[in-house]
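Visitor: Residue numbers (this note's numbering), protein chains in the order written: chain A, 16 to 515; chain B, 106 to 185; chain C, 1188 to 1455.
Keep in mind that the hints are not guaranteed to be accurate.
Unchecked claim - In silico DSS-like links for lysine-lysine, alpha-carbon gap of 30 Å or less:
{"id": "1", "chain 1": "B", "residue 1": "K183", "chain 2": "A", "residue 2": "K326"}
{"id": "2", "chain 1": "A", "residue 1": "K461", "chain 2": "B", "residue 2": "K158"}
{"id": "3", "chain 1": "A", "residue 1": "K383", "chain 2": "C", "residue 2": "K1451"}
{"id": "4", "chain 1": "B", "residue 1": "K183", "chain 2": "A", "residue 2": "K221"}
{"id": "5", "chain 1": "B", "residue 1": "K128", "chain 2": "A", "residue 2": "K383"}
{"id": "6", "chain 1": "C", "residue 1": "K1451", "chain 2": "A", "residue 2": "K461"}
{"id": "7", "chain 1": "B", "residue 1": "K128", "chain 2": "A", "residue 2": "K325"}
{"id": "8", "chain 1": "A", "residue 1": "K188", "chain 2": "A", "residue 2": "K508"}
{"id": "9", "chain 1": "B", "residue 1": "K128", "chain 2": "C", "residue 2": "K1451"}
{"id": "10", "chain 1": "C", "residue 1": "K1453", "chain 2": "A", "residue 2": "K461"}
{"id": "11", "chain 1": "A", "residue 1": "K126", "chain 2": "C", "residue 2": "K1451"}
{"id": "12", "chain 1": "A", "residue 1": "K508", "chain 2": "B", "residue 2": "K161"}
{"id": "13", "chain 1": "C", "residue 1": "K1211", "chain 2": "A", "residue 2": "K188"}
{"id": "14", "chain 1": "A", "residue 1": "K508", "chain 2": "B", "residue 2": "K128"}
{"id": "15", "chain 1": "A", "residue 1": "K188", "chain 2": "A", "residue 2": "K326"}
{"id": "16", "chain 1": "C", "residue 1": "K1351", "chain 2": "A", "residue 2": "K326"}
{"id": "17", "chain 1": "C", "residue 1": "K1447", "chain 2": "B", "residue 2": "K128"}
{"id": "18", "chain 1": "A", "residue 1": "K188", "chain 2": "A", "residue 2": "K383"}
{"id": "19", "chain 1": "A", "residue 1": "K388", "chain 2": "C", "residue 2": "K1211"}
{"id": "20", "chain 1": "A", "residue 1": "K383", "chain 2": "B", "residue 2": "K168"}
{"id": "21", "chain 1": "C", "residue 1": "K1447", "chain 2": "A", "residue 2": "K383"}
{"id": "22", "chain 1": "B", "residue 1": "K128", "chain 2": "C", "residue 2": "K1453"}
{"id": "23", "chain 1": "B", "residue 1": "K128", "chain 2": "A", "residue 2": "K126"}
Stated by the list, open to error - Here are some, though not all, of the chain A residues that point toward chain B, as calculated from beta-carbon distances under 7 Å:
{"id": "24", "residue": "C77"}
{"id": "25", "residue": "V402"}
{"id": "26", "residue": "L405"}
{"id": "27", "residue": "A442"}
{"id": "28", "residue": "A476"}
{"id": "29", "residue": "A482"}
{"id": "30", "residue": "T490"}
{"id": "31", "residue": "S501"}
{"id": "32", "residue": "L504"}
{"id": "33", "residue": "Y511"}
These are calculated hints, taken from the structure and not from any lab test. Ideal placement from N, C-alpha and C gives every residue a C-beta, glycine not left out.
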Amino acid sequence: MMGLHFIHLFENDFYALFPELFLTCTTMLLLMFGVVWSTSKAEGYPILTHTIAWLSVWSLVCAFGLTIHSPFSVMVSFYNTFVIDELTFLLKAMVLCSATAAMLMSMEYLKTSMLNIFEYSILVLLSTISMLLLISSYDFISMYLAIEMQSLCFYVLAASKRHSEFSTEAGLKYFLLGAFSSGVLLFGCSLVYGYTGLTNFEDIAKCLAGSALFQTHHSFLHLGMGLIMIGFLFKLTAAPFHFWAPDVYEGSPTSVTAFFAITPKIALLGVFLRLLLGSFYDLLFAWQYVLFFCSICSLFIGAFGAMAQKKIKRLLVYSSIGHVGYLLIGICCGTVEGLQAVLLYLILYIFMTVNVFTIVLSCIDHSKTFRLKYIQDLGLLGQTHPVLALTFSCTLFSMAGIPPLAGFCSKFYLFFAAMGSSLYGLALFGVLSSVVSCFYYIRLIKIMYFEQPSQLVTYGAIDHEKAILLGITTTVIVFFFLCPHSLFLWTYKVAYMFLG
Amino acid sequence: MSATLIGASLGFGMQLYINALRKLPLLRNPWEHVFWTGVGAAAANMNAEWEAKLRKEVAELNKERQATNASFMESILKEK
Amino acid sequence: MNLVLFYMFASFALLAGIMVIRAKNPVYSVLFLILVFCNVSGLLLLINLDFFAMVFLVVYVGAIAVLFLFVVMMLNVKLAEINDSILRYLPVGGVFGLLFFGEIFLLLEQDLVPVMTYETQSILSIMESITMYSVFGVLSSATLLFSLFSQPWNSLTIFSQWQKHFIQIQDTIANYNTFVQEQALTVNDLEYVVWPYTMEQTTTIHTIGHVVYTYYMVFFILASIILLIAMIGSIVLTMHKGVFVKRQDVFEQNTRDFSKTLRKVKSL
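Let's have the full structure, built from the sequences with the hints guiding it.
Guide: Written out as C-alpha cells, the structure reads:
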C-alpha cells in the first residue's frame, strides 16, 4: 500500500556509499566463486587461497580509487544514518591502504602456514566493509551494527588456525571479551537514548549544546556516556581494559595479528572521535578525567609491561597499548591541535606498525618451518640479514620517538597540543614513558647486533610484496622529516573542518 | 623540478633497497628501477601540487578562524 | 484487572528467577529461565508492546534458551551441591547487588523520555481486545455447537447468522479505535486543521515494518550481512576440508633458475 515512493529519498545515497557497495558486491562474488570452485570434484578441489587473496587486494585498490574520487565531499545519507566529510575521507583512505598492506603481507604466510581456507580473504574484506561503514556512521544503531559486523569477522579470524589450541583460545577469549564490551556499549547507548530520546550523533550534539553552562545534574547521561566510553576503550585495548589483548594477539596467526594491530584502531578511533568531540563535546570536563586516567594507565603499562616479555608478538602488543595511550592524550585535549596531533600520530603509527609486522612475518627459514617467535631468535640478524636489521632498527628508533625519524614528529605534535591545553602532567608522563619504552626497543636492537640466538637459523629470502611494503614504509619513516608539510596541512584541515 | 628529482632519486634508491633486502645484486631487474623512478617522480609531483592546494585552503581557514576569534574578543571587551 | 495481572506476572517472574539460581539440576535451571522469559513477555503485553512481547518469546525462548539447553546437555554438568557455599560469596555478591540496587534508585529519580507521550481517548488496549475476542469466541462457539446438535436441519442459516455476528463484533472493535471527528475548523473565514483528530492508530508491527523496510533499510541489510558472517564463521571453524594439502606453484617451479638458487651470505 505504500509503494516505493520513499526511494526517491535515497536517490543520491547509493553514490555516497559506493565504495562499500562495490566491496560488498565483490565480496559476494568472490565468496560464490570460492565456494563453487573449491568444492567441485571436476576441478580437483583446488585451494583458492592465493587467487582470492590477490583478487581481494585488487578490489581493495579499486575501492580506494572510488573513495578518493567520491562525488560528494560533505553529505548525510540514508536518512541521517551515514555521513561523509573530510574526516571520513582521511580515515577511509587509511583503512583501505592498511587493509591492502595487511593482505599483501599475508600472501606468503597463507601459502606456507597451511592455512588453506580462502574465506580468510573474504573475512578480511567483510571486516574492511564494516570498518568503512563504522567510520561514516552517524547514528547509534548503524554504529552498533558496524561494530558487531567487524567484531564477528575478527572472532572467526582469530580462531581460524583450527589445529592450534593457541588460536582457539585466542578466538574464545576475543569472543567473550568482545561480546561483553559490545553489551556495555549498547547499554550506554540505550541510557543516552533514554535520557535524550535521540540516536543521531548530530541531534545529540544539538540537544546538549550549551549545556555545559547550566549546572544541571546530568548523572544519567554521564553514566550512559561513561559506559559507551568503557565499551570503546575495551575495543581499543586501552588500559585498564587491555587484559585480553596480549593473549588474543599472541594466539592468533601472525598475519591476523598484523591485521588486528593495524586496521581496527583507525575505525574505532574515528567513531570514538565523532562521539566524544562531536556529540558529547559539552560534557568535555566529565570525559576528560576518564581519558586522562586511561591514558596514564596505558602509557604506564605500555612502558613497563613489555619489559618482561620474551615473545616478540607480546612485546609488540604492549608497545601498541602504549601507542594507544599516546592517542588518548591527543583526544583528551579536545582542541583542534589535539585532533590534528591524533590524526598525524595515527597515520605514522600505521606506517610503523606495517613495517614492524612485515619484518616479523619475513623472518622464516629456508625450510619454511621455523618462524620468528622469541626475541632471542632475532640474534645475529645484523650479520645474516644486515639490511633487514637496519630497517628494524630504524623502525624501532622511530617508535621510541628519536629524531629525526617520523615517530618523533608525531610525538612532538602530541606533546605540544597537550601543553597547549594545560595537560602538563599528561605531557610529562608521555615523555617519561617514551624514555622508559626506549629501553625495550633498544634492547631488541642490541639482541639483533650483539647476541646469539638459541638455535642458529639462516633466514630465507623475503618475497617481493613484503620487500615493496618495507621499501615504501621505510622511505616514509626515514625521509618524512624532509617534507612533512603535506601531512601536517592535511591533518590540520581535517581537524579544523571537524572541530573548528 | 626539484620535486621530480627528489622523487626520482627516492624511487631509484627504494628499488636499490628492495634488491638489497632480497639479497639480490643491487641492479638486478633494471626495469624495476625505471618503474620506481617514474613512480617516485610522479608521487613527488602530486605531493607538491597537493601541498600547494592545501596551503591555500589552510590559509583561508586560518583567516576565518582568526576573524572569528577577533570578533569574539571584541564582543567580550565591548561588554566591559 | 491490569493490576492483578501485573502482580501475577511479576511475582512469578521473581519466583522463577530465584529458582533458576537455587535449582540443583542445571536443566531445571534452564527450564525456570524459560518461565522467567514467558512471564516477562506477559509483562510486556501489559504495557501494549505486542510485537516486542512476541519477538521476546521467539528470540529468548526459541534461540537463547535452546542454546543454553544444548550447552548444558553437551557439557555433562553434574548436579551441583550448593548447600554450604552460599555464604562464601556473600561479601562480593552483596557489593555487586548493592551497586545494582543503587543504580535502580538512580534510574527512578531521573526523567527519562517516556515511551507513550499521549493518551488518546477510548482506545481499546491490546488486553481488552484480546479478552473481547476470546470471550466472543468461547460463547459463540458454544452456542454454535449447541444449535448445530439440536437443529441440524438449520445448519446453513445458523452458520450465516454466526458469520454476521462475527463480522459485527469485528466492526465494533475496529470502529472503537477510529472515530471520525471534524478535521477542519473554520474560524473567521480561515481554515484551520485540527491536528489531534487527524491521527490514525496502527499496530506496532505495522509501524515497525513501515519504518524498517523503508527509511532504515540499510540496518536491515547490515543485519543480514552479519548473519552471513556468522554462517561463514561456523563453516570456517568446523568444516573439514583439505587441511594438510601441500600446494604446488607450478609457475614458480618452472621459472626457477638453478644458477640463482644458491647464494653466499658471508665468508668467515
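Visitor: Going back to the hint list, which numbers does this structure go against?
Guide: Hint check: 1, 2, 8, 14, 16, 19, 20, 24, 26 and 27 fail, others pass.
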